[in-house]
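Novice: Sequence:
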Amino acid sequence: NGGGMNGTSAMMDFLEEPLPGVGTYEDFNTIDWVREKSRDRDRHREITSRSKESTWALIHSVSDAFSGWLLMLLIGLLAGSLAGLIDISAHWMTDLKEGVCLAGFWFNHEHCCWKSNTTFTDRDKCPEWKSWSQLILGHGEGAFAYILNYFMYVIWALLFSLLAVLLVKGFAPYACGSGIPEIKTILSGFIIRGYLGKWTLIIKTITLVLAVSSGLSLGKEGPLVHVACCCGNILCHLFTKYRKNEAKRREVLSAAAAAGVSVAFGAPIGGVLFSLEEVSYYFPLKTLWRSFFAALVAAFTLRSINPFGNSRLVLFYVEFHMPWHLLELVPFILLGIFGGLWGAFFIRSNIAWCRRRKTTKLGKYPVLEVFVVTAITAVLAFPNEYTRMSTSELISELFNDCGILDSSKLCEYVNDFNSTKGDDLPDRAAGPGVYTAMWQLALALIMKVFITIFTFGMKVPSGLFIPSMAVGAIAGRLLGVAVEQLAYYHHDWAIFSGWCSQGADCITPGLYAMVGAAACLGGVTRMTVSLVVIMFELTGGLEYIVPLMAAAMTSKWVADAIGREGIYDAHIRLNGYPFLEAKEEFSHKTLAMDVMRPRRNDPPLTVITQDSMTVEDVETIINETTYSGYPVVVSRESQRLVGFVLRRDLIISIENARKKQDGIVSTSVIYFTDHSPPLPPSSPSMLKLRSILDLSPFTVTDQTPMEIVVDIFRKLGLRQCLVTHNGKLLGIITKKDVLKHIAQLANQDPDSILFN
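Letter by letter, the sequence shown follows residues 111 to 866 in the working numbering.
Just so you know, these hints were derived from the structure itself, not from any lab. Everything numeric in this text was worked out from a predicted model, so none of it was measured. Treat the hints with caution; some may be incorrect.
When the alpha-carbon atoms are kept at most 30 Å apart in a straight line, the in silico BS3-like pairs for lysine-lysine are as follows [to be verified]:
id, residue 1, residue 2
1, Lys850, Lys474
2, Lys699, Lys825
3, Lys769, Lys468
4, Lys147, Lys396
5, Lys279, Lys471
6, Lys825, Lys396
7, Lys850, Lys693
8, Lys308, Lys354
9, Lys699, Lys838
10, Lys770, Lys354
11, Lys225, Lys240
12, Lys162, Lys354
13, Lys354, Lys846
14, Lys471, Lys846
15, Lys308, Lys468
16, Lys308, Lys240
17, Lys471, Lys850
18, Lys838, Lys825
19, Lys770, Lys351
20, Lys693, Lys825
21, Lys358, Lys396
22, Lys850, Lys468
23, Lys471, Lys699
24, Lys825, Lys850
25, Lys693, Lys846
26, Lys396, Lys770
27, Lys147, Lys279
28, Lys147, Lys351
29, Lys279, Lys308
30, Lys519, Lys279
31, Lys354, Lys396
32, Lys225, Lys235
33, Lys162, Lys396
34, Lys825, Lys354
35, Lys308, Lys358
36, Lys308, Lys162
37, Lys354, Lys769
38, Lys147, Lys474
39, Lys225, Lys519
Generate coordinates for the entire structure from the input sequences, incorporating the hints supplied.
Specialist: The following block contains the structure:
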């Protein structure tokens, strides 16, 4: 028995000390939520028990509990600082397309004219600010000056956009797009290595400034959520409990997403609700409060950095002088219908274009695509002052309620100051300026409706919030002015006679613009409660929640009637990500045996036995299959289930055993039991891998309704569950199988689900 004794003495479970890499996940795989939560509970129990042993352990326990709040503080500070930098830089570079400040080239147009002695009406024409024609030709009037300004505008736009796409292509391919579909998928448990890394953060911050400054029909709001989540992911590495646990990290990313929306709109409460309603998969109560804290810190940090820019705490502050009337709900609902139709049209058109981009040669030339779209956008935008200005400025002007001092074309009414009280102006006949503004806005609406379809999804950072709001705000302002003039000329009609007498200030076009903006944003994203709260925080208009909610719900209902998916869900499906929507109900009467693998005529299920396979046998299985894990059974004959082992853990464990454990060769037996199996005396050392075995994998019977199985996958965040019959292993159902089954029942292509 000497050889056996030597083998036994050499045998050991070398995984008593955790190995680097064991318990981690490969790229483009889904985490095991149940295992991650169990690990965190074990870690917390250990810290709590040790805290009673010594003062140092107690201090460690307190610091562990406080680390989450400290992390939220750091995320808020970093996200707010980067957002302030992006906002200031984008404002300056946007103005750079039209001219430069002689007092200091680093000043944008507004800051350049702060110290100017010009009158209020000429505040944008201070001598310190020079257009490119004034700088080069010495004058700004005439056809040649106009052509030169036009040329410089297009050149700067092309330069900014080309620099953005080249940086993305060369250094961080994940820095393109909105980022919200991927963030939503990552928060559901999917792994995309590098998507929230430091290079992505650096390049996205730089290229977001360039993309916004180029004048493309995009916004920085969605990408700011990506930037904030990158901050959260990077800062997680400072704290062990977040660095080593993927589920805990996703709690942090949910809070970071809230901070991102907070800095994008100056809406801390809306940011938390957006994270809860739109992007988060797992959102416990403590995450709610931490998200709100991170959002507040981010908003106040941003305000401290840029207190006078568009990033102030209320982005589009409005002060309407008259309340809305109940009868105005009719045009507000019409705006909701328009928003729903626009949302459905945009999603279908954009997804069709993105699919064409992926399946044709067009996708191979992202730089050329960006060049062409930017050139078309710049050429069409410059002649129209409402498309030439930044989209945020456009929305702000459309939301504005005309006062005595307003010099905008939108406020050029036929003056009648006899009935003016304070800053309130009565409804008046539209003057030539208003009619000019109306057809310019109509052209701007057509341009933005179509150009945004081709812009969203290009290989530059591109958000959709602001372009969608701009489309709705233009439509709303057009409708608002139309209703205002209708009330002015036909105040004796029955619908106006009771509440809108001649000379009264009863119709507010700016309110229609605000409602239209909410309707279009809701139609594209299908947001409801969070959208209304964001709009309230954006504008400070608490009394307009009912019109906003009416428009938001109408747009959602109309858009849902045409297509159930919002833009982010549509892009998740387009990219084949394994996202299981928690809001959708599964109502089909199928069973687990209809979905599990192997199917009829398929090869038998690949399994590992608990104590009869060698290292070579297991390595052969690993090399010949691509599965993420394998069921462990008592024997091939009995098929009695013992547990489940992950492929990655097996590979790492065997490689480390060969290096660190004496006597481990290809013929060494691997066993997953407490005690080693009896073997001949001359056998080589055995390898015990029980510590990497999941002894409680989730199982269902073959007769379990798929309605229950889908619910289990959603609520527990499972990667896979095993199917048994009378205790014997029959097959396996993975998250990918569930998604393919749902797609098949919805008459969609099941092969579009690319990852598990």
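Novice: Look at each hint and say if it fits the structure.
Specialist: Hints, verified against the model:
1. Among the hinted pairs, Lys850 with Lys474 is consistent with the structure: their alpha-carbon atoms are about 28 Å apart, no more than 30 Å.
2. In summary, the hint linking Lys699 to Lys825 is supported, as the alpha carbons are separated by about 20 Å, within the 30 Å threshold.
3. At most 30 Å may separate the alpha-carbon atoms for a hinted pair to count; Lys769 and Lys468 exceed this at roughly 45 Å.
4. About 15 Å separates the Cα atoms of Lys147 and Lys396, which keeps this hinted pair within 30 Å; it holds.
5. For the suggested pair Lys279 and Lys471, the alpha carbons sit about 17 Å apart, so the restraint of at most 30 Å is met.
6. Pair hint Lys825 plus Lys396 holds up; C-alpha atoms about 18 Å apart against a cutoff of 30 Å.
7. Straight-line distance between C-alpha atoms of Lys850 and Lys693 comes to about 17 Å, which keeps the hinted pair within the 30 Å bound.
8. A threshold of 30 Å between alpha carbons decides the hint, and for Lys308 with Lys354 the separation of about 18 Å falls inside it, so the pair holds.
9. With a CA separation close to 24 Å, the supplied pair Lys699 and Lys838 stays within the 30 Å bound.
10. Distance check on the hinted pair: Lys770 and Lys354 sit about 24 Å apart at the alpha-carbon level, within 30 Å; holds.
11. Restraint check for Lys225 and Lys240: satisfied, since their Cα atoms lie roughly 15 Å apart, inside the 30 Å limit.
12. Simply put, Lys162 and Lys354 have alpha-carbon atoms about 24 Å apart, close enough for the 30 Å limit, and the pair holds.
13. In summary, the hint linking Lys354 to Lys846 is supported, as the alpha carbons are separated by about 25 Å, within the 30 Å threshold.
14. With a C-alpha separation of about 29 Å, the suggested pairing of Lys471 with Lys846 holds against the 30 Å cut-off.
15. As the CA atoms of Lys308 and Lys468 are separated by approximately 27 Å, the hinted pair is consistent with the 30 Å bound.
16. At roughly 39 Å between alpha-carbon atoms, Lys308 and Lys240 are farther apart than 30 Å, so this suggested pair is violated.
17. For the hint linking Lys471 to Lys850, the alpha-carbon distance of about 28 Å falls within 30 Å, and the restraint holds.
18. Our distance criterion of 30 Å between C-alpha atoms is met by Lys838 and Lys825, whose separation comes to about 26 Å.
19. Proximity of Lys770 to Lys351 is assessed by CA-CA distance (about 28 Å); at most 30 Å being required, the pair is judged to hold.
20. The suggested pairing of Lys693 with Lys825 holds, with an alpha-carbon distance near 11 Å, which does not exceed 30 Å.
21. Restraint check for Lys358 and Lys396: the C-alpha separation of about 12 Å stays at or below 30 Å, so the hint holds.
22. For the proposed pair Lys850 and Lys468, the alpha carbon gap of about 21 Å is at most 30 Å, so the pair holds.
23. Simply put, Lys471 and Lys699 have alpha-carbon atoms about 42 Å apart, too far for the 30 Å limit, and the pair is violated.
24. Between Lys825 and Lys850 the alpha-carbon distance is near 18 Å, which keeps this suggested pair within the 30 Å criterion.
25. Under the criterion of a C-alpha separation no larger than 30 Å, the hint pairing Lys693 with Lys846 is consistent with the structure, at around 18 Å.
26. Taking the CA atoms of Lys396 and Lys770, the gap is about 43 Å. The hint is violated against a cut of 30 Å.
27. Our distance criterion of 30 Å between C-alpha atoms is broken by Lys147 and Lys279, whose separation comes to about 37 Å.
28. For the suggested pair Lys147 and Lys351, the alpha carbons sit about 12 Å apart, so the restraint of at most 30 Å is met.
29. For the proposed pair Lys279 and Lys308, the alpha carbon gap of about 16 Å is at most 30 Å, so the pair holds.
30. The suggested pairing of Lys519 with Lys279 is violated, with an alpha-carbon distance near 42 Å, which exceeds 30 Å.
31. For the given pair, Lys354 sits about 20 Å from Lys396 by alpha-carbon distance, which is consistent with the 30 Å threshold.
32. Pair hint Lys225 plus Lys235 holds up; C-alpha atoms about 12 Å apart against a cutoff of 30 Å.
33. At most 30 Å may separate the alpha-carbon atoms for a hinted pair to count; Lys162 and Lys396 meet this at roughly 25 Å.
34. Only pairs whose Cα atoms come within 30 Å are accepted, and Lys825 paired with Lys354 is accepted, the gap being roughly 23 Å.
35. For the hint pairing Lys308 with Lys358, the CA-to-CA distance comes to about 20 Å; that is within 30 Å, so the pair holds.
36. For the hint linking Lys308 to Lys162, the alpha-carbon distance of about 39 Å lies beyond 30 Å, and the restraint is violated.
37. Proposed proximity of Lys354 and Lys769 is supported: the alpha carbons are some 25 Å apart, at most 30 Å.
38. Annotation: proposed proximity of Lys147 to Lys474 is violated, straight-line Cα distance about 42 Å (limit 30 Å).
39. Restraint check for Lys225 and Lys519: satisfied, since their Cα atoms lie roughly 25 Å apart, inside the 30 Å limit.
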